[in-house]
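Line by line, the protein sequences give chains A and B. Take 889 as the starting number for the first sequence in the numbering used here and just add one per residue. Take 497 as the starting number for the second sequence in the numbering used here and just add one per residue.
Just so you know, these hints were derived from the structure itself, not from any lab. Worth double-checking, as some hints may not be accurate.
Pairwise CB distance ranges (calculated) [stated by the list, open to error]:
id, chain 1, residue 1, chain 2, residue 2, range
1, A, D1039, B, V1026, 56 to 64 Å
2, B, D596, A, D1127, 38 to 46 Å
3, A, D1098, B, S946, 45 to 53 Å
4, A, H1043, B, P585, 27 to 35 Å
5, A, D1039, B, D606, 27 to 35 Å
6, A, T898, B, K898, 54 to 62 Å
Sample of chain A residues at the chain B side, in silico, Cβ under 10 Å [as the list claims (entries may be wrong)]:
id, residue
7, V1028
8, R1030
9, D1033
10, S1036
11, R1146
12, V1147
13, R1148
14, V1156
15, L1158
16, P1159
17, V1161
18, W1168
19, D1169
20, H1195
21, W1196
22, T1199
As the structure is a computational prediction, the values presented were derived from the model and not from experiment. Cβ atoms here follow ideal geometry from the backbone N, Cα and C, with glycine treated the same way.
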Amino acid sequence: MAHWIEPHPTGIYVRPADAWIDPSQPQERALVTHGHADHARGGHGHVWATRETLAIMALRYGTASGTAVGYGEEIRLGGVAIRYVPAGHVLGSAQIILDHAGERVVVTGDYKRRPDPTCLPFEPVPCDIFVTEATFGLPVFRHPDTGSEMDRLLHALHANPDRCVLVGAYALGKAQRVICELRARGHHDPIYIHGALERMCALYQDFGVDMGKLRGATGVPAKDMRGAIVLAPPSALNDRWSRRLPDPIAAMASGWMRVRQRARQRNVELPLVISDHADWDELTDTIREVAPSETWITHGREEALLHWCMTHQYRARALALVGREDEEEG
Amino acid sequence: MRQFSQLLDGLVYTRSRNGKLALIAAYMREAPDPDRGWALAALTGNLDLKAVKASAIGQMIRARTDPVLFEMSRDYVGDLAETVALLWPRPGNEPAELDDGSLSLSAVIDRLHSVSRAAAPDALGQMMDHLDASGRFALLKLATGGLRVGISARLAKTGCAQAFGLDADDVEQVWHALAPPYATLFDWAEGRSARPDPEGTPYFRPFMLAHPLEADSVDLADYAAEWKWDGIRIQIVGTGQKNGGGTRLYSRAGDDITGSFPEVAQAFTGHAVLDGELLVKGEFQGGEAASFNALQQRLGRKAVSAKMMADYPAFVRLYDLLIEGDDDLRALPWTQRRARLEAYMAQLSPDRFDLSAVIDAPDFAALADIRAGARDAAIEGVMLKRRDSPYVAGRKAALWYKWKRDPLTADCVMMYAQRGHGKRSSFYSDYTFGCWTEDGELLPVGKAYSGFTDEELKWLDRFVRGNTVNRFGPVREVEKTLVLEVAFDSIHDSKRHKSGLAMRFPRIARIRKDKPAAEADTVEGLKRLVS
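Here chain A stands alone, though its shape is the one from the complex:
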């Protein structure tokens, strides 16, 4: 089946289109699902992606040459019909739908099923081959309700007016989502952000995502940040940058926080289980919904999802793509 789609360690090659999907090495022609560094990179010849993803790639990797593909718009490369539909992962994230020789392949990239104020939700598309991620592919990963995690964050903030809450969140996607969720809950105070987040937040705002009053945290006197939320990349939690903050409560917004010892390892005092990936139930429900003849698992906890597929009569294989998944992101 589908000899026209070839999994390689460095990415998926679409032979008739002579193009790679999310290649980890520079290629002449690349179809990119979203802007995270384990899927997108600089150095390609020509890139096809949503216009948001292209803007993110220009910002992060200096990508100059690209064709913007709108959600639902069809393009043809070498006889392969290609469509991009929302994946619900971060701003501009897309699943890539490929049709050729009577077969449909869906490559999810990274995706989630929960609603996200910063991007369009995942659209399930029935297909023959479903190429999926499996980041949270273990039944221990069941994300709690986002709202209740946000309530815990606000509760901790209000219970400690002399302190600030420092939230570690990935610079692309998670940080902006947390900010929007806070605004949706009536938190309209200025939110302080680490320098590493500033340009991405500005990009989101350019694309119409309203995040309210954001202030750079650098150079602000500690006392001004009492009772405030400060957002920074996860690495900043344990580094010297955080020492200038007023008695910060260290929080982290990530699906990995589900496991206690991960939180303790990172010295996180307030774990917030908020993820931009599908959890176990969502991964398996999506496979059921899409009802593929074959499932390919690109990266994550492949073994467990593979086992589930086998025991539920879904043909499946693990692709062992190299270089996926930075554990910061989740």
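Starting from the known structure of chain A, fit chain B onto it as the hints suggest.
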């Protein structure tokens, strides 16, 4: 259960001691009776549940979910209770992350107290269905008697004391006269009744503890020296009642260990409180007491056979006299208490009680020589006590010092590694190491999971991942190429490892990247260190 499980979560994640105390105090003020009393019992290790064995939990989850997925999850998470709490499937379409509020802590405890061993897994399963992941985790820890949230019983009592403005030592004093769910404690705390009077009961007094000696020397004019004995530090509390039940033995942590050493308790009929070292008769330590290993055979037993008592006869080497009759001597300086203790010895049976000897040395240098000689005599080290010091609770700087002998070391080859527990669950941090036999085989001699820095741990973890030759479930066998310098307090014969040896308190002192594995130590060499 929600309030309780949130308290437990808070205690796990909050790093500062004050933060933990604040959480405990807030809970004790806000939670209803009898929930908070049961919570206090759970946190102080006074909840004798053990309704379910860990193996029953494994059975319970395998019946509800795919056993292969369970094993994969458990390997990833590293802790059985947490794995089960996280992946517990709710019946029907109920959301798994919701606590429906129908189960109180006291209802849970009542159920677990009354359920039979056979019915326990089902009862547990039914309760799990009402809870969220936090609640399920708390429930499993309660049911298996393994509530470890990084706080000591002492901290829990201190938090409770703080909640109501009581003195922590005061709470400790009355503690053993109380029973869960501590209604009289909360009555006193909230001003509804007087302080419970432990008088007449053999209650626990706080121990005086020592700092490790860091200075180069101390002036022996100010400090007295005694040998440090390798047993269990205990407090003998006698009420003078002749009809038995008048004497209790407490460990350093305040646990009542009378039941494990009935012959010692029965041999003490006085009305007094003494501090000493529980030992087994023998020759290993300076020709005067058996090794700690021998004493270990007696620990933790709820009932002791006559054979046990004959094979490992226990006695107490006395260090201090705190109370004699109605006289509280704790405010007196050490020299005076020592004199009173020496006089008191006349009342005690020499078969079960003797006096810790003071070391006579003209100056510190001479003492150092005497201590160095003690290596052959297998003595743990030396204690230095300020002559003018009263007996005060806890560890006050510059009053008592312990000067332990330097550890032994051996160069061993890493053989196997496993993921750690707790904070270390994503690192391979538990190492099994071995030494060479005459036939050129490596036999395990010990396991260690501490002694290395965070940086070294990352290096070791990478080494394990990059040098795995075989896997047995969660255990990785590695290439036998890495030498670890292992420090340990002592070594003895044991069936625990194939080499027939086991180390006491082994820890990784250094990673010997410079040493070829073939030059690591031999089992024969280690055997010579066993006395």
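Cross-check of the supplied hints:
Checking the proposed 56 to 64 Å range against D1039 (chain A) and V1026 (chain B) shows it holds: the Cβ atoms sit about 60 Å from each other. Between D596 (chain B) and D1127 (chain A) the beta carbon distance is about 41 Å. The supplied range of 38 to 46 Å therefore holds. D1098 (chain A) and S946 (chain B) have their C-beta atoms about 51 Å apart, which keeps the hinted 45 to 53 Å range intact. In this structure, H1043 (chain A) and P585 (chain B) meet the distance hint of 27 to 35 Å, their C-beta atoms being roughly 29 Å apart.
Between D1039 (chain A) and D606 (chain B) the CB atoms are about 31 Å apart, so this pair conforms to the stated range of 27 to 35 Å. Checked against the hint of 54 to 62 Å, the pair T898 (chain A) and K898 (chain B) passes, with Cβ atoms roughly 59 Å apart. Checking V1028 (chain A) against chain B: minimum C-beta separation of about 4 Å stays under 10 Å; hint holds. A cut of 10 Å between beta carbons decides the hint on R1030 (chain A): the least distance to chain B is about 6 Å, and the hint holds.
A distance limit of 10 Å between C-beta atoms decides the matter here; for D1033 (chain A) the minimum to chain B is near 7 Å, and the interface restraint holds. Taken as an interface hint, S1036 (chain A) checks out: its beta carbon lies about 8 Å from the nearest beta carbon of chain B, inside 10 Å. Hint on R1146 (chain A) holds. Least Cβ distance to chain B is approximately 7 Å, under the 10 Å limit. With a cut of 10 Å, the hint placing V1147 (chain A) at the interface with chain B holds, because the nearest CB-to-CB distance is about 6 Å.
With its C-beta approaching chain B no nearer than about 6 Å, R1148 (chain A) sits inside the 10 Å limit, and its interface hint holds. A least Cβ separation of about 7 Å between V1156 (chain A) and chain B falls short of the 10 Å threshold, and the interface hint therefore holds. Of the supplied interface hints, the one on L1158 (chain A) holds, with its beta-carbon coming within about 7 Å of a beta-carbon of chain B, less than 10 Å. Taking 10 Å as the C-beta contact cut-off toward chain B, the hint placing P1159 (chain A) at the interface holds, the least distance being around 7 Å.
For V1161 (chain A), the interface hint holds, since its Cβ comes within 10 Å of a Cβ in chain B; the closest pair sits about 9 Å apart. At about 8 Å, the closest approach between the beta carbon of W1168 (chain A) and any beta carbon in chain B falls short of 10 Å, and the interface hint on this residue holds. Evaluation of the D1169 (chain A) hint against chain B yields a held restraint, the C-beta minimum of about 8 Å falling below 10 Å. The interface hint given for H1195 (chain A) holds, since its Cβ lies 6 Å from the closest Cβ of chain B, which is under the 10 Å cut-off.
Given the 10 Å rule on beta carbons, the hint for W1196 (chain A) holds: about 7 Å separates it from the nearest Cβ of chain B. Evaluation of the T1199 (chain A) hint against chain B yields a held restraint, the C-beta minimum of about 7 Å falling below 10 Å.
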